[in-house]
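From first to last, the protein sequence lines stand for chains A and H.
Here the first sequence stands for residues 1 to 390, numbered as in this note's numbering.
Here the second sequence stands for residues 1 to 174, numbered as in this note's numbering.
Worth flagging that the hints you see were computed from the coordinates, not collected in a lab.
Please note: incorrect hints may appear among the correct ones.
[What the hints assert, rightly or not] Cβ-Cβ distance ranges computed for the label pairs, FRET-style:
(1) H:118 to A:273: 46 to 56 Å
(2) H:11 to A:155: 30 to 40 Å
(3) H:93 to A:323: 43 to 53 Å
(4) H:40 to A:323: 41 to 51 Å
(5) H:58 to A:109: 52 to 62 Å
(6) A:273 to H:123: 58 to 68 Å
(7) H:46 to A:155: 47 to 57 Å
(8) A:15 to H:89: 51 to 61 Å
All residues carry an ideal CB built from backbone N, CA and C; glycine is no exception.
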Amino acid sequence: MRDRESHLVAGGRRWLVVAVAAGLIAFILGLLFRPVQAWSAFLVSSFFFLTVALGGLVFLAIMYVSNAGWHTVFKRVPEALAACLPASAFSMLAILAGARWLYPWTHADAVLHDELLSAKAPYLNTGFFAARMVGVLALWVFFALMTRRYSLRQDAHADIKYTRRNVVLSAIFLALFPFSFSMASIDWLMSLDPHWASTIVGLYQIAGLLSTAVAAISIVGILLRRRGALPDLTETHLHDLGKLLFGFSTMWAYLWFSQYLLIWYTNLPEETTHYLVRLQGGASFLFYLNVVLNWALPFVVLLRRPAKRSEGTLLWTSTVVLVGRWLDIHLQVVPAVAPDRLQGPMGIGFLDVALLLGFGAAFLLMTDRALGKAPLLAEGDPYLVEALHH
Amino acid sequence: MKSRLFVAWFEREDAILEAVRAARQAGYAIEDAYTPYAVHGMDEAMGLGLSRLPWVCFGCGLAGLLLAFGFQLWTSASDWPINVGGKPPASVLAFIPLTFEFMVLLAGLGSVAALFLRARLYPSRSPRFLLPRVTNDRFALVLTRPDGHFDAPEMRILCERAGAVATELVEASS
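Construct the complete structure from the given sequences, taking the supplied hints into account.
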């Protein structure tokens, strides 16, 4: 299929390619001189963009299962995000190559001298870890590809049977997603510090993924609308996206607080270390900033109705939430891998930023390509009329 | 005191929307529009501003937050400090869940109470006038004229042009 102009990156394509190249060079140099930093930065950005792509798929699945029609105007946006899932999956697979820099349980001698790690070895070992990773990634990619395929076929045939097929696919996906994503969060993030355990980590990451998804969809949708490519995205749609962002960001805060409160109450040394590391010295600034970016700011800003309906306000609030989500994952990963790294001026290094920009640029280019592959308005979708009169 | 109201009946939502716009253009005051369900675009057509209910909700929520937080702080840290699990008496974290719940409770009850009071829905109140079919399948538009000048035939022509199926005059207790 001939690629259309999608307007998302427009004239910035060259700069994005430069950013991808710069990120790649920074990563290679990092691998040579500071492998631990390079891999932790890679894991943070890789996981962050995986949640953006997977979030697009989860958003679509929720819409299909709930028989919603309002999102049809911009449904190509979450579809395009989900189309980046295969590439995100490959970047997560690359973590397998760096596992020995990140996960303490990959070292045989460490496991041997640690009672807890020995006890966890049947689950936390390189072979099983890789198998689980390949399994969940393959599962998500399968659903992403199938949903997209049926949606594109509907453009040509305008048949409701494709919607019905996607409803069935989405229902199965939504039943599998919480378990698979919880497992992935536990494997990829929580096992960085295998002595620490929290039963809420999976749910916490799911809440984060949902607010990431809504924020990313809003940003791409608004950018397309500003360039005149998506004129049918009205402020009523933005209002609903704003409500979702408000709700999911509050749900994230609820779970963040639930974890913090329980660990504070029980006050067990093996659990409190998680917060102690993150609250010492300069790190405490980032710790509180995380809550401000992910919840306090979007909550206060989006509380009023006009704010949710305003294109500009929703755009920058969504950007703040995305930055906050990246920081959230950064604060999960980096202190676990290298506790002293947070004692620097900001706790965020050059490599972290370089990789974030590189990954971000690559993700934008891929989203743009996916958007260009199909008409922005899903003409064949029977729900389009309903969405246009939303 | 009794007042006369002009009521036009419609069968479709686009007809009543058109009548609302025409009536406002002609200078009639819209007493109210009664519909079996929320009609999209009716607020804009009637020229209603934003609802002030969110501010009531916000105020009640804020009151609940301060009350619950202040009360817990007073009982556990000031009036009768108790050592619970070695935590300091003013452990703000432990107060948050109850503060949150009480904020939601007062905000919710306050909004509903404000709505009922403002809409004058309380026991023993008799309705000003009854339009039974609006809870079933009809849309009713009630018109008055702000300066007291009441030209029923003119209103009737205007509404019928927009698609009214029937019109009538209703006596309302004010």
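For each hint, the structure was consulted:
Distance hint check: the CB atoms of residue 118 of chain H and residue 273 of chain A are about 54 Å apart, consistent with the given range 46 to 56 Å. Checked against the hint of 30 to 40 Å, the C-beta distance between residue 11 of chain H and residue 155 of chain A comes to roughly 37 Å, which is consistent with it. Range check, residue 93 of chain H to residue 323 of chain A: about 26 Å between beta-carbon atoms, so the 43 to 53 Å window is missed. Separated by about 36 Å at the C-beta atoms, residue 40 of chain H and residue 323 of chain A break the suggested range of 41 to 51 Å.
Evaluation of the 52 to 62 Å hint for residue 58 of chain H and residue 109 of chain A yields a pass: the beta carbon distance comes to about 59 Å. Separation of residue 273 of chain A from residue 123 of chain H is about 59 Å and conforms to the stated range, judged on CB atoms against 58 to 68 Å. Between residue 46 of chain H and residue 155 of chain A the beta carbons are some 40 Å apart, a value that contradicts the proposed interval 47 to 57 Å. Taken as a hint, the range 51 to 61 Å holds for the pair residue 15 of chain A and residue 89 of chain H, whose Cβ atoms sit roughly 56 Å apart.
Figure legend: structure checked against the earlier numbered hints; hints not met, in rising order: 3, 4 and 7.
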